[in-house]
Amino acid sequence: MQTGGSSVQEKQKQPAAVLMLQGTASDVGKSVITTALCRIFKQDGFRPAPFKSQNMALNSYVTADGKEIGRAQGAQAEACGIEATTDMNPILIKPVRDMHSQIVVHGVPFAQMSASDYRQHFLPEARQTVMDALNRLRDAYDIVLMEGAGSPAEINLKDRDIVNMNLAGWADAPVILISDIDRGGVFASIVGTLELLEPHEAARVKGFIINKFRGDLSLLQPGLDWLEERTGIPVLGVLPYIRDIQIEAEDSVVLDSLRHGKSGQTELDIAVIRYPRISNFTDFDALLREPDVNVRYVTSPEELGRPDAVILPGTKDTIGDLIFLRESGLERAILNDVEQKAVQLVGICGGYQMLGRHLKDPFAVEANQIQEAEGIGLLPLSTTFLQHKQTVRASGKVQPLHPLRLSGMTNSEINTEQEAHTSTASVPVNGYEIHMGVTECHEPEQVTALFEIAHAGGEPFLEGWGTSDGSVWGTYLHGLFESDRFRRSWLNGLREAKGLAPLEETYSAHERKEMEFDRVADSLRSSLDMKRVYEIMGVMQRE
Numbered sequence: 000m001q002t003g004g005s006s007v008q009e010k011q012k013q014p015a016a017v018l019m020l021q022g023t024a025s026d027v028g029k030s031v032i033t034t035a036l037c038r039i040f041k042q043d044g045f046r047p048a049p050f051k052s053q054n055m056a057l058n059s060y061v062t063a064d065g066k067e068i069g070r071a072q073g074a075q076a077e078a079c080g081i082e083a084t085t086d087m088n089p090i091l092i093k094p095v096r097d098m099h100s101q102i103v104v105h106g107v108p109f110a111q112m113s114a115s116d117y118r119q120h121f122l123p124e125a126r127q128t129v130m131d132a133l134n135r136l137r138d139a140y141d142i143v144l145m146e147g148a149g150s151p152a153e154i155n156l157k158d159r160d161i162v163n164m165n166l167a168g169w170a171d172a173p174v175i176l177i178s179d180i181d182r183g184g185v186f187a188s189i190v191g192t193l194e195l196l197e198p199h200e201a202a203r204v205k206g207f208i209i210n211k212f213r214g215d216l217s218l219l220q221p222g223l224d225w226l227e228e229r230t231g232i233p234v235l236g237v238l239p240y241i242r243d244i245q246i247e248a249e250d251s252v253v254l255d256s257l258r259h260g261k262s263g264q265t266e267l268d269i270a271v272i273r274y275p276r277i278s279n280f281t282d283f284d285a286l287l288r289e290p291d292v293n294v295r296y297v298t299s300p301e302e303l304g305r306p307d308a309v310i311l312p313g314t315k316d317t318i319g320d321l322i323f324l325r326e327s328g329l330e331r332a333i334l335n336d337v338e339q340k341a342v343q344l345v346g347i348c349g350g351y352q353m354l355g356r357h358l359k360d361p362f363a364v365e366a367n368q369i370q371e372a373e374g375i376g377l378l379p380l381s382t383t384f385l386q387h388k389q390t391v392r393a394s395g396k397v398q399p400l401h402p403l404r405l406s407g408m409t410n411s412e413i414n415t416e417q418e419a420h421t422s423t424a425s426v427p428v429n430g431y432e433i434h435m436g437v438t439e440c441h442e443p444e445q446v447t448a449l450f451e452i453a454h455a456g457g458e459p460f461l462e463g464w465g466t467s468d469g470s471v472w473g474t475y476l477h478g479l480f481e482s483d484r485f486r487r488s489w490l491n492g493l494r495e496a497k498g499l500a501p502l503e504e505t506y507s508a509h510e511r512k513e514m515e516f517d518r519v520a521d522s523l524r525s526s527l528d529m530k531r532v533y534e535i536m537g538v539m540q541r542e
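With numbering that gives the first Met the number 0, you'll find the sequence shown wraps up at 542, consecutive numbering, no jumps.
Wrong hints could be hidden among the right ones.
Derived Cβ-Cβ restraints for the label pairs, each shown as a range [to be verified]:
(1) A202 <-> E513: 37 to 43 angstroms
(2) D64 <-> P275: 40 to 46 angstroms
(3) E266 <-> E302: 53 to 59 angstroms
(4) H387 <-> Q220: 25 to 31 angstroms
(5) E194 <-> E513: 19 to 25 angstroms
(6) E227 <-> D131: 35 to 41 angstroms
(7) R213 <-> D528: 19 to 25 angstroms
(8) P275 <-> K359: 18 to 24 angstroms
(9) D131 <-> R182: 24 to 30 angstroms
(10) F362 <-> E542: 54 to 60 angstroms
(11) S522 <-> Q220: 17 to 23 angstroms
(12) P123 <-> D64: 54 to 60 angstroms
In the BS3-like style, the derived pairs of lysine-lysine whose C-alpha atoms are separated by at most 30 angstroms in a straight line are [unchecked claim]:
(13) K396 <-> K12
(14) K530 <-> K396
(15) K340 <-> K497
(16) K41 <-> K205
(17) K211 <-> K396
(18) K512 <-> K41
(19) K211 <-> K41
(20) K497 <-> K388
(21) K388 <-> K359
(22) K205 <-> K530
(23) K205 <-> K12
(24) K530 <-> K41
(25) K157 <-> K205
(26) K41 <-> K12
(27) K157 <-> K211
(28) K512 <-> K396
(29) K497 <-> K211
(30) K396 <-> K340
(31) K530 <-> K512
By construction, these hints were calculated from the structure, which means they are not laboratory data.
Even for Gly, the Cβ is constructed at its ideal location relative to N, Cα and C.
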């Protein structure tokens with residue numbers, strides 16, 4: 000097993016203080032609360048860093064050195080104001096099909112394993128990998144925020160746990176237990192969790208956080224008093240339900256709330272296909288925040304309707320999810336709209352691969368037992384899945400001969416089609432690539448390249464292909480829509496196709512992200528007893 004990783008410069012000082020955040024269940028808000036605390040500690044003058052020993056997610060993040068970690072830890076590092084490294088998430092589990100996952104160790108694919116093989120053969124050797132990563136962080140930063148996973152009271156998993164109470168013991172970390180009151184049964188969840196912990200584990204729990212509260216706090220107070228008297232552990236805060244949190248999620252369960260998109264009327268309708276193995280769905284968060292755009296995640300032709308654009312997103316199982324498109328009837332519905340020139344079709348990463356003619360998986364990289372399939376066939380491309388994964392950041396610009404339907408000027412300023420095209424050439428783009436497929440274009444004279452990009456330290460090259468009329472295009476670039484000028488230019492092209500006037504740039508994705516970190520931090524600070532949090536960590540709070 001690989002135990003090295005992206006380490007940071009060692010300092011001659013005492014190891015950082017640690018604080019572990021665990022939950023009574025999955026999706027109780029651990030990641031968002033960890034992110035908010037990262038920003039609070041940064042605001043208070045400390046150098047914090049996030050840590051999650053083992054993360055299961057298809058929504059990943061590429062570090063500066065081209066390694067892959069969980070999206071949440073990447074966002075938490077941004078909230079800390081530091082560069083993310085694989086030490087912050089040394090083990091990433093990416094499900095490829097039921098009961099089988101790709102195991103990524105320090106940002107590099109290590110093996111493909113069944114759940115039983117992972118538990119029996121991998122976990123017994125994982126402690127050293129995890130602790131080496133944590134210790135490097137503790138040598139480099141002031142505070143390390145350790146995030147657990149699921150619940151620490153999962154009896155069937157506890158003996159080989161590397162992400163909850165065993166890890167807290169190895170690191171000698173105090174634990175704050177988080178529960179979600181919006182689900183109901185919050186007191187039963189907290190007390191039941193404590194009852195199922197071993198005495199030495201329960202002794203590590205130094206405080207509770209009750210999350211997502213919507214009511215009158217005075218009505219909850221008797222329950223809080225009872226909880227503290229019953230357990231002898233303080234309630235550190237009751238956090239309000241924060242609507243429309245715009246911090247990147249990594250669990251696709253959040254897409255359930257986006258099935259129908261925004262409430263109210265918008266001018267542009269974009270449908271993102273939600274296949275079973277959708278990955279990196281946060282590619283479209285920047286579109287969600289545009290005032291004139293409704294983004295819907297759809298799973299059937301009935302839900303599809305007649306949008307202005309359809310996006311085929313990334314996937315951990317390109318061939319398997321292509322079969323889903325066919326069997327669900329979505330492929331036929333999308334093709335009908337494309338043939339009628341009624342929609343623009345965009346493919347990102349796995350969706351880009353689907354747009355080609357052929358898909359080959361000779362090494363069973365995607366573990367779907369299908370080695371070859373016909374693509375949708377709208378672009379003259381073929382993709383072969385290899386055993387090496389490409390994970391790299393990329394930057395560049397829209398290339399001058401692009402076929403994209405972009406617009407960056409008001410109608411009154413555009414005199415000719417060529418002038419409109421020229422006005423959007425050289426628009427900057429930034430993003431990252433995560434893929435094991437290599438895509439080849441067989442008839443470049445039939446299509447046009449989209450971008451001129453470069454990987455870190457590399458030479459520029461053309462990337463992505465589209466039809467000459469811009470009705471179908473695809474790219475390997477994740478995060479493309481966080482490029483503000485490109486995003487707005489593309490949306491303005493959709494607007495003009497509907498006879499709507501273009502809009503000026505509406506917001507900065509980077510600035511909005513920073514404001515959101517501050518917003519959730521302010522909300523947490525106003526509801527959480529930070530003095531006691533610092534005392535639990537053994538850190539003197541700064542004025």
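Going through the hints against the structure:
Look at A202 against E513: about 38 angstroms separates their beta carbons, and that is inside 37 to 43 angstroms. Judged by the Cβ atoms, the range 40 to 46 angstroms given for D64 and P275 is violated: they are separated by roughly 31 angstroms. Distance hint check: the CB atoms of E266 and E302 are about 20 angstroms apart, inconsistent with the given range 53 to 59 angstroms. Between H387 and Q220 the CB atoms are about 58 angstroms apart, so this pair departs from the stated range of 25 to 31 angstroms.
Look at E194 against E513: about 42 angstroms separates their beta carbons, and that is not inside 19 to 25 angstroms. For E227 paired with D131, a C-beta distance near 38 angstroms keeps the hint of 35 to 41 angstroms intact. For the hinted restraint 19 to 25 angstroms between R213 and D528, the CB-CB distance of approximately 21 angstroms keeps it satisfied. Between P275 and K359, the C-beta spacing of about 21 angstroms keeps the proposed range 18 to 24 angstroms intact.
Judged by the Cβ atoms, the range 24 to 30 angstroms given for D131 and R182 is violated: they are separated by roughly 36 angstroms. The hinted window of 54 to 60 angstroms between F362 and E542 holds, with their beta carbons roughly 58 angstroms apart. Look at S522 against Q220: about 20 angstroms separates their beta carbons, and that is inside 17 to 23 angstroms. The given range of 54 to 60 angstroms is broken by P123 and D64, whose C-beta atoms sit roughly 29 angstroms from each other.
About 44 angstroms separates the Cα atoms of K396 and K12, which puts this hinted pair outside 30 angstroms; it is violated. This hinted pair does not check out: K530 and K396 have alpha carbons roughly 48 angstroms apart, beyond 30 angstroms. Between the alpha carbons of K340 and K497 the distance comes to roughly 12 angstroms, so the proposed pair stays at or under 30 angstroms and holds. Between K41 and K205, the direct Cα distance comes to roughly 23 angstroms. Compliance with the 30 angstroms bound is thereby established for this hinted pair.
The hinted pair formed by K211 and K396 fails the criterion: a straight-line CA distance of about 42 angstroms is larger than 30 angstroms. Between the alpha carbons of K512 and K41 the distance comes to roughly 15 angstroms, so the proposed pair stays at or under 30 angstroms and holds. Distance check on the hinted pair: K211 and K41 sit about 24 angstroms apart at the alpha-carbon level, within 30 angstroms; holds. Between the alpha carbons of K497 and K388 the distance comes to roughly 40 angstroms, so the proposed pair goes past 30 angstroms and is violated.
Of the supplied pair hints, the one linking K388 and K359 holds, its CA atoms being roughly 15 angstroms apart against a limit of 30 angstroms. A threshold of 30 angstroms between alpha carbons decides the hint, and for K205 with K530 the separation of about 13 angstroms falls inside it, so the pair holds. Restraint check: the Cα-Cα separation between K205 and K12 comes to about 26 angstroms, which is no more than 30 angstroms; the hinted pair holds. Pair hint K530 plus K41 holds up; C-alpha atoms about 16 angstroms apart against a cutoff of 30 angstroms.
At most 30 angstroms may separate the alpha-carbon atoms for a hinted pair to count; K157 and K205 meet this at roughly 20 angstroms. For the suggested pair K41 and K12, the alpha carbons sit about 19 angstroms apart, so the restraint of at most 30 angstroms is met. Restraint check for K157 and K211: satisfied, since their Cα atoms lie roughly 28 angstroms apart, inside the 30 angstroms limit. Straight-line distance between C-alpha atoms of K512 and K396 comes to about 23 angstroms, which keeps the hinted pair within the 30 angstroms bound.
Of the pairs offered as hints, the one joining K497 and K211 is violated, with about 41 angstroms between alpha carbons and a cut-off of 30 angstroms exceeded. Straight-line distance between C-alpha atoms of K396 and K340 comes to about 27 angstroms, which keeps the hinted pair within the 30 angstroms bound. The straight-line distance between the Cα atoms of K530 and K512 is roughly 27 angstroms, inside the 30 angstroms bound, and the hint therefore holds.
Of the numbered hints listed earlier, those contradicted by the structure are 2, 3, 4, 5, 9, 12, 13, 14, 17, 20, 29.
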